[in-house]
Amino acid sequence: MIRYAYSGKGFEPFEPAIGKYDREFLVSLLWSMMRIRMVQEEMERRYREDEMKTPIHLVIGQEATSVGCCAALERKDQVFSGHRTNGNYLAKGGDLKAMMSELYCRANGCVASRGGSMHLLDKEAGYAGSSGIVAGSLPIATGAALAARMLKQDWATMVFFGDAATEEGTLWESLNYAALRELPVIYVCENNFFSVCSPLEARQPKVEIYEKAASFGLHSVQVDGTNVLEVYETARSAVERARSGKGPTFIESLAYRWRGHGGAGDDSDTGYRDPAEVEHWKQYCPIEGFYNFLAKRGQIDEPGRNALVKQIQNEVLKAFEHAISSPVPEESDLFKHVYSD
Amino acid sequence: MPWAQALIAKKTDSLSHQDPNTGRVLSYAQAINEALVLAMELDPKVFVLGQGVDDPKGMFGATLGLAEKFGGERVFDTPLSEDGMTGICAGAAMMGLRPVYFHNRPDFLLLAFNQLVNHASKVHFMDNGKTNVPMVVWAAIGRGWGSGAQHSQAVHGLLLGVPGLKIVLPSSPYDAKGLMLSAIADNNPVLIFEHRWCMRRKSAVPEGFYTVPLGKGVYRRRGTDLTIVGVSHTLELALEAVDELARDGISADAIDLRTIKPLDEEIIFESLKKTGKILILDSTWAMGGLCAEIGCRVAEKGFRDLKAPVRRIGLPDIPTPAGFTLEQYYYPDKKRIASAIGEIAAA
Chain A
1 MIRYAYSGKG
11 FEPFEPAIGK
21 YDREFLVSLL
31 WSMMRIRMVQ
41 EEMERRYRED
51 EMKTPIHLVI
61 GQEATSVGCC
71 AALERKDQVF
81 SGHRTNGNYL
91 AKGGDLKAMM
101 SELYCRANGC
111 VASRGGSMHL
121 LDKEAGYAGS
131 SGIVAGSLPI
141 ATGAALAARM
151 LKQDWATMVF
161 FGDAATEEGT
171 LWESLNYAAL
181 RELPVIYVCE
191 NNFFSVCSPL
201 EARQPKVEIY
211 EKAASFGLHS
221 VQVDGTNVLE
231 VYETARSAVE
241 RARSGKGPTF
251 IESLAYRWRG
261 HGGAGDDSDT
271 GYRDPAEVEH
281 WKQYCPIEGF
291 YNFLAKRGQI
301 DEPGRNALVK
311 QIQNEVLKAF
321 EHAISSPVPE
331 ESDLFKHVYS
341 D
Chain B
1 MPWAQALIAK
11 KTDSLSHQDP
21 NTGRVLSYAQ
31 AINEALVLAM
41 ELDPKVFVLG
51 QGVDDPKGMF
61 GATLGLAEKF
71 GGERVFDTPL
81 SEDGMTGICA
91 GAAMMGLRPV
101 YFHNRPDFLL
111 LAFNQLVNHA
121 SKVHFMDNGK
131 TNVPMVVWAA
141 IGRGWGSGAQ
151 HSQAVHGLLL
161 GVPGLKIVLP
171 SSPYDAKGLM
181 LSAIADNNPV
191 LIFEHRWCMR
201 RKSAVPEGFY
211 TVPLGKGVYR
221 RRGTDLTIVG
231 VSHTLELALE
241 AVDELARDGI
251 SADAIDLRTI
261 KPLDEEIIFE
271 SLKKTGKILI
281 LDSTWAMGGL
291 CAEIGCRVAE
301 KGFRDLKAPV
311 RRIGLPDIPT
321 PAGFTLEQYY
331 YPDKKRIASA
341 IGEIAAA
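If you read the sequences in order, they're chains A and B.
Quick note on numbering: the first sequence equals residues 1 to 341 in the working numbering.
Quick note on numbering: the second sequence equals residues 1 to 347 in the working numbering.
It cannot be assumed that every hint is accurate.
To be verified - With the C-beta cut set under 10 Å, the calculated list includes, among others, these residues of chain A facing chain B:
1. L121
2. L146
3. M150
4. D341
Unchecked claim - Under the rule of at most 27 Å between Cα atoms (straight-line distance), these lysine-lysine pairs were calculated in the DSSO-like manner:
5. K53/A with K130/B
6. K152/A with K69/B
7. K76/A with K130/B
8. K130/B with K152/A
9. K301/B with K336/A
10. K318/A with K130/B
11. K123/A with K130/B
12. K274/B with K216/B
13. K216/B with K301/B
14. K130/B with K336/A
15. K336/A with K216/B
16. K97/A with K130/B
The hints are simulated quantities; they were obtained by calculation from the structure and are not laboratory data.
All C-beta atoms in this analysis are idealised placements derived from N, C-alpha and C, irrespective of residue type, glycine included.
Construct the entire structure; sequences and hints are all you get.
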C-alpha cells in the first residue's frame, strides 16, 4: 500500500521559464545532486567494512532539497542541520575530505572525531553545525539570525530538519520568536514521511505541516522536494525576504527517504512500509527527472553526464583514500576544548 | 577585545575587599545592576534578556533602568520559551554576541536542559574548539512564602556533572558584581544562581570594574577546629552559627566556594590538612550534588587527613513543601548547623 504518494507537478511548469537560467547553473545543480548521491552510495558500499564507525543517515532520494536551497545562498549565509547532515553539508560547500575523515573518526576530520556523521562543521563554507537532537538546531539557528540582526549583518540563516522536528516544542518556540522579531531565518522541513520507522500518520493529525507553520505568522510554503528548480525558486524568494527585512520563511519540502532511517540499505522489508512505496518514489528520482528535463532541452547529453560521473567518482575515491590514510587522534586530544580560554 | 583589555587593566587582588562595613554600601540588586551597566558600556555585544527584565520590577531590581539606558534592542522581554530562548542565546553567542539571560527561578531552567546540557555546554567541544558559546544564565533560588516544590528548587547539583558548564553561586553584593563581570567575560556558558535570602544583604561594593575570578573560593572565617565548606544561603547560616560558637571556644575555617564548577579543590584541601574535620553545606539536596562530590573527593584525596567522619548538611531527599507549617522541618537552620559544628569539633 502506498501511503505517501508523490504529489508534485514535475518540471513542466518550469518549461516557459527555463530560458532565465544559464546552462552552467543548471548543470551545477545536477552535478551537486549527483555528487551527494554518489558520496552516499560509496558510503553505503563501504559501511559494511565496519571501518566507518559512525551512525550514518543517508539522504538518497532527497538531494534536491539540499541542493535547491543551498543554491539560493551565498557563502556568508549560515546553514544548520539536524542529524541527516550529508546533503546539507555538501550542498553548502562543506569540504568532502574533512567530512570523510570525520566519518572515519580521524584526527583531521572536520571536527577531529568529536562529532561523527551527525555533527559536521565547515565554518569557512558557512556550514555552522548540526545537532543530533531532533529540532535542537532550530533555536540555535534562530539565535544566529538574531545575531545577524543585532550585528547589522546581511547574511541569512537556514536550518534543515525532518518532519518529526515539528513534533518538538522547541521548534514552535523558535518559529514563534522568529515571527515575533521578523528574523532573517529560513526553516526548511525535509518531510520524508517517516521518523525512524514511525509514519507521519502515527505521529500527527492530518494538518499540513506548512499550514501549522503559517498559523504561527510565518510566510510558509510547501514544495516538491524532488524538483530542484521548484526548491531553488522558493528558497531564493525566502532569502530575498530575509535580506530585505521581511522576516522568516518556512519551507516544507516533500521527498521520500529511499533508505532506512540509519545505516546502509533500504529496510522496507522489515514491514513498517511497503517496498512498493519506495519503488513508487524512485520514479520521481530528483536526479533522473532533472537530467531528463535538461537533456530534452539539449542542455546536457549522455557523454556530458558521463563526464560528470567520472569527475565525481574520482573526487569521491580520493576523499575516501584521504580519510583512510589519515592519522587517528591521540589520547591527549580528548582533553582539549572542553572549555574555551 | 574589550574584555581582554579590561581584565588585564584590573588584574588586582579582588579577594581583598571583604569587609562589609567599609566603603560604599550597595544592595545586592544594585551591585548586579552596576555590573550589567559596566559590561554593556564596555562591550556592545553584551545584551540582556528574560521575562520581565524591562518591567517595573526589573528582575528584583537587578535590571532596572537598563532598557532606558541601552534601548530595547539590547535589553528585552522574552516569550516564556525557556528551551527555545536558551538555544537562541546559544546561537547568538556562537555568532559572537554575549547574552545574559535572566530567569526568576532556577525551576524554570529545567525546561531548558536540552539546550543547556545537549547543546550550549557541548558545542565548543563538538566543534573542536572552533566555536565559543559565551553566555550567562542567571536565576534566583526561592525560599518561603509558599514557593513550594516548583518555585524553590536549586538545580545546580543536577548540572554539576555536565562538562562544559561553569556554575557560580555568589553570596554577597561584592561577589555578585565581580562574579557577574567574570561570567560575562568568560567564553563559556556560565550559570549564576543567586539565593533570594542572600539577596537581602548589603555590603561594600567598589565602584567601577573589578572581577572575582571563577573557580576561586574564599575564607569567610579562619579557625582551627574544623573546615566548613559550602555556598550561598546555607553557608551564610553557618557563619552565624560559627560566630555564636566562638563563646564556646570553637573556631572554624569557613570557605565560601562562590564557584562550584570549576571547583576550588585547593582551598578545601589546604584547610582540611590543618583541621582534619569537614562539614559540607549546600542550599539544595545533599544527595548527588556538591555535598556528595566534595565528600567523595575528600575520601579519595584527603582520607589520611581526616580525624572524624565527613558530615554534610543539605536538603533531605524530599520535594520542598509549600506551607511554612511543613517547611520549618525541611530547611536546615542555624541551630541544626551549630549543633553539627559542635559535634564535629568535639569528635
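Going down the list of hints, with the structure as the test:
Annotation: interface hint on L121/A holds; nearest CB of chain B at approximately 5 Å, less than 10 Å. Hint status for L146/A relative to chain B: holds, with the closest Cβ pair at about 5 Å, below 10 Å. For M150/A, the suggested interface contact is upheld, since its CB lies about 6 Å from the closest CB of chain B, less than 10 Å. Contact between D341/A and chain B, as hinted, is supported at the beta carbon level, the nearest pair being about 7 Å apart and thus within 10 Å.
With a C-alpha separation of about 23 Å, the suggested pair K53/A and K130/B falls inside the 27 Å cut-off, and the hint holds. Our distance criterion of 27 Å between C-alpha atoms is met by K152/A and K69/B, whose separation comes to about 20 Å. Taken as a hint, the K76/A and K130/B pair is honoured in the structure, with Cα atoms around 17 Å apart against an allowance of 27 Å. For the proposed pair K130/B and K152/A, the alpha carbon gap of about 23 Å is at most 27 Å, so the pair holds.
A C-alpha spacing of about 25 Å is found between K301/B and K336/A, which places the hinted pair at or below 27 Å, so the restraint holds. Straight-line distance between C-alpha atoms of K318/A and K130/B comes to about 26 Å, which keeps the hinted pair within the 27 Å bound. Proximity of K123/A to K130/B is assessed by CA-CA distance (about 8 Å); at most 27 Å being required, the pair is judged to hold. Straight-line distance between C-alpha atoms of K274/B and K216/B comes to about 19 Å, which keeps the hinted pair within the 27 Å bound.
Distance check on the hinted pair: K216/B and K301/B sit about 19 Å apart at the alpha-carbon level, within 27 Å; holds. For the given pair, K130/B sits about 12 Å from K336/A by alpha-carbon distance, which is consistent with the 27 Å threshold. For the hint linking K336/A to K216/B, the alpha-carbon distance of about 22 Å falls within 27 Å, and the restraint holds. Restraint check for K97/A and K130/B: satisfied, since their Cα atoms lie roughly 18 Å apart, inside the 27 Å limit.
Checked against the numbered hints given earlier, this structure breaks none of them.
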